[in-house]
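A.B. asks: With these hints in hand, go ahead and build the complete structure from the sequences.
Number of protein chains: 2
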Amino acid sequence: MEVMNRVVAIRHHIDEFPVESDFELKSEALIVSVKAGCDDIVVKNLYVSIDPYQINRMKSHSSSQKTSSFATSIKPAQPIDAYGVGEVLASGNADFKKGDLVAGLLHWAEYSIVKAQTSLLRQIDSMGLPLTNHLGILGFSGLTAYAGLFEVAKVKEGETVFVSAASGSVGSLAGQLAKLHGCYVVGSAGSDEKVGLLKEKLGFDEAFNYKQERDLTSTLERYFPDGIDVYFDNVGGEMLEAAVANLKAFGRVALCGVISEYTSSKKAAPKMLDLVYKRIKVEGFLAGDFLNVYSDFIAMVSQYLGSRKIESLEDVSIGVDTIPSAFIGLFKGDNIGKKIVKLAV
Amino acid sequence: MEVMNRVVAIRHHIDEFPVESDFELKSEALIVSVKAGCDDIVVKNLYVSIDPYQINRMKSHSSSQKTSSFATSIKPAQPIDAYGVGEVLASGNADFKKGDLVAGLLHWAEYSIVKAQTSLLRQIDSMGLPLTNHLGILGFSGLTAYAGLFEVAKVKEGETVFVSAASGSVGSLAGQLAKLHGCYVVGSAGSDEKVGLLKEKLGFDEAFNYKQERDLTSTLERYFPDGIDVYFDNVGGEMLEAAVANLKAFGRVALCGVISEYTSSKKAAPKMLDLVYKRIKVEGFLAGDFLNVYSDFIAMVSQYLGSRKIESLEDVSIGVDTIPSAFIGLFKGDNIGKKIVKLAV
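Those sequence lines, one after another, are chains Z and A. Note that the first sequence covers residues 1 to 345 in UniProt numbering. Note that the second sequence covers residues 1 to 345 in UniProt numbering.
Each hint should be verified, as a subset may be incorrect.
When chains are identical, the list treats them as one kind, so a pair holds in a single copy or across two.
Here are the computed lysine-lysine pairs in the DSS-like style, where the Cα-Cα straight-line distance is at most 27 Å [said to hold, decoys possible]:
1. K75 <-> K59
2. K156 <-> K199
3. K156 <-> K98
4. K75 <-> K248
5. K332 <-> K156
6. K66 <-> K156
7. K59 <-> K248
8. K154 <-> K248
9. K332 <-> K97
10. K332 <-> K199
11. K248 <-> K66
12. K66 <-> K201
13. K248 <-> K115
14. K156 <-> K35
15. K115 <-> K97
16. K201 <-> K97
17. K309 <-> K66
18. K211 <-> K98
19. K66 <-> K35
20. K98 <-> K59
21. K59 <-> K309
22. K309 <-> K154
23. K98 <-> K35
The set of hints was computed from the structure by calculation and includes no laboratory data.
C.D. replies: This is how it looks when you write it as structure tokens:
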């Protein structure tokens, strides 16, 4: 059987704020079968994840491309690998068979031909939860929140926690997990709607719209009169500077993303003097280094999801043609929660 | 007995680069005896330590003054407490007697009247080593080097280590200890004379004069073609930025001072994006938090000193009136090694 596969690619490297014309949608014929002796797996993609870090892979040059196997360069006109959930249509690999539900590195496309190992493909058990949960709260976004809080910042019951981009896929879980751990949790987000959601639906103690604050250092002082123990940082820039100014002695910053640096060369500048005198630790991390706690993470979060103690925030667009606008929207703060594109009905 | 005690004080808070006229030398009568029932200890100061962090205590406002008990504000016209070595002249405290050699928080003055506990006073055993060693290599400078390397950065044999301000009191020991631990060590300093000393006398693998380099990122790339594992940072600023750009994945920065921020509001700006993708840890620390390893530190360093495996770099001026110029010189890079003022012959 032959199908037409619609595939998103970049037309050229993207070094400025991304726009729709940076992308193209190509149609390619794809044969849904595997030759004897070949271990390819043909997957019909059901959902793909839309993540801000992809912008660093799209640049002509970024130090990130050299330093992490999770962030190799994306070449113009080539398929873009991205975490996704799909259904196996044909398989030359004995471990996978037609009809299997799988998660792993698929593509921003309707179909993918992958090798099991290079795409980290695995069968998934829906555990009675929506398939989209496997891309966000039970995927790398969730692991980032879990590892950042418990392995990097080593947050303790009763501590004060500030989460930026708190209505995003990582921040929304980090805040909820910190609350369930017995912390006082404040989140920042970019609209009053998001702020309302954090306080009313996700149980944050407080939340604020950073776009309506004139001096973030004073804002944080208001919400944390005795200081911050842990800052879960998704954005960098001025927010990082303000958070460091408000950290307590022995405060920790878990740094999992620096969206402010992704599309701007303006640099974050926390006062290093504060780091010394307050004995602060700032630690960058990637979820991929914490696969050793993956099963602990899945056990905790799936239990909380099952008992409805946490909410999975998801923001789903439909159709491969919506991928470029979904991606660009991440940098404008359009999404609420995990941004996902649904590819097949 | 009454003596005239010459005491250094600041005339006013110092918020700019310090100059001699910011200081005054006052003479005060002091009675060398202790009334019955009073636990004062009268000390003749022999040597006092001259440390850059004191500038943060002299400012009108500095976040450092609020966040560490080691850095409380210094008031104009008041004596300035500083680490020193002295001889007890009179004591109302049963644990100390006339003639004892002591170390602790004394003053930038010829005599001090102190309480044992608040000044952290302790008898010292010269261990056959010069008394000045107790202010530098066996004092807080030494503990800073030891704790930064082994407790904060957790340096391992065979790793690559970069030390800035490497001819200073902390850097010179950090570099030598890293070499003895089996590391490849490169230091930066501010003159060709200091660079020669690092390579020829202290055994650094390489050293460079940062004032003669145009692009510190390229310079470090030349000395560390495979990257830096540990950066022992005394200076912050552009050097920190260049070092972070050259750190390997899972690199560590032990941050014990940020001289570039002490006398300038220009901020250090390492790329936070590098911190994330390279999973770098930047940790500020103060030696005072590592008294739990003090005896291990003394055992290691006094043994190396005794067997002449390490050198103590000291830079001694003579006379209480030289304290202001000695202090100002720290920020101009005048000193080579630990800056000490000898008060009594």
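A.B. asks: Now, for every hint given, state plainly whether the structure supports it.
C.D. replies: Verification of the hints:
1. K75 <-> K59: Within one copy only: 9 Å inside, 53 Å across.
2. K156 <-> K199: Result: close within a single copy only, 22 Å intra versus 46 Å inter.
3. K156 <-> K98: neither (46 Å within a copy, 49 Å between copies)
4. K75 <-> K248: between (44 Å within a copy, 25 Å between copies)
5. K332 <-> K156: neither (33 Å within a copy, 44 Å between copies)
6. K66 <-> K156: between (35 Å within a copy, 24 Å between copies)
7. K59 <-> K248: Classified as between: cross-chain Cα gap 21 Å, same-chain 37 Å, threshold 27 Å.
8. K154 <-> K248: both (15 Å within a copy, 24 Å between copies)
9. K332 <-> K97: The answer is neither: 40 Å in one copy and 71 Å across copies each exceed 27 Å.
10. K332 <-> K199: within (22 Å within a copy, 52 Å between copies)
11. K248 <-> K66: This pair counts as between: shortest inter-copy Cα distance 10 Å, intra-copy 34 Å.
12. K66 <-> K201: neither (40 Å within a copy, 37 Å between copies)
13. K248 <-> K115: Intra 48 Å, inter 30 Å, cutoff 27 Å: neither.
14. K156 <-> K35: Close neither inside one copy (54 Å) nor across copies (50 Å); limit 27 Å.
15. K115 <-> K97: For K115 and K97, the Cα distance is within 27 Å only inside one copy (13 Å; across copies 79 Å).
16. K201 <-> K97: neither (40 Å within a copy, 68 Å between copies)
17. K309 <-> K66: So K309 and K66 fail the 27 Å test inside a copy (40 Å) and across (39 Å) alike.
18. K211 <-> K98: neither (49 Å within a copy, 66 Å between copies)
19. K66 <-> K35: neither (35 Å within a copy, 70 Å between copies)
20. K98 <-> K59: Result: close neither inside a copy nor across copies, 37 Å intra and 71 Å inter.
21. K59 <-> K309: Answer is neither; intra-copy 40 Å and inter-copy 50 Å both fail.
22. K309 <-> K154: For K309 and K154, the Cα distance is within 27 Å only inside one copy (22 Å; across copies 39 Å).
23. K98 <-> K35: Intra 15 Å, inter 95 Å, cutoff 27 Å: intra-copy only.
Of the numbered hints stated above, those contradicted by the structure are hints 3, 5, 9, 12, 13, 14, 16, 17, 18, 19, 20 and 21, listed in ascending order.
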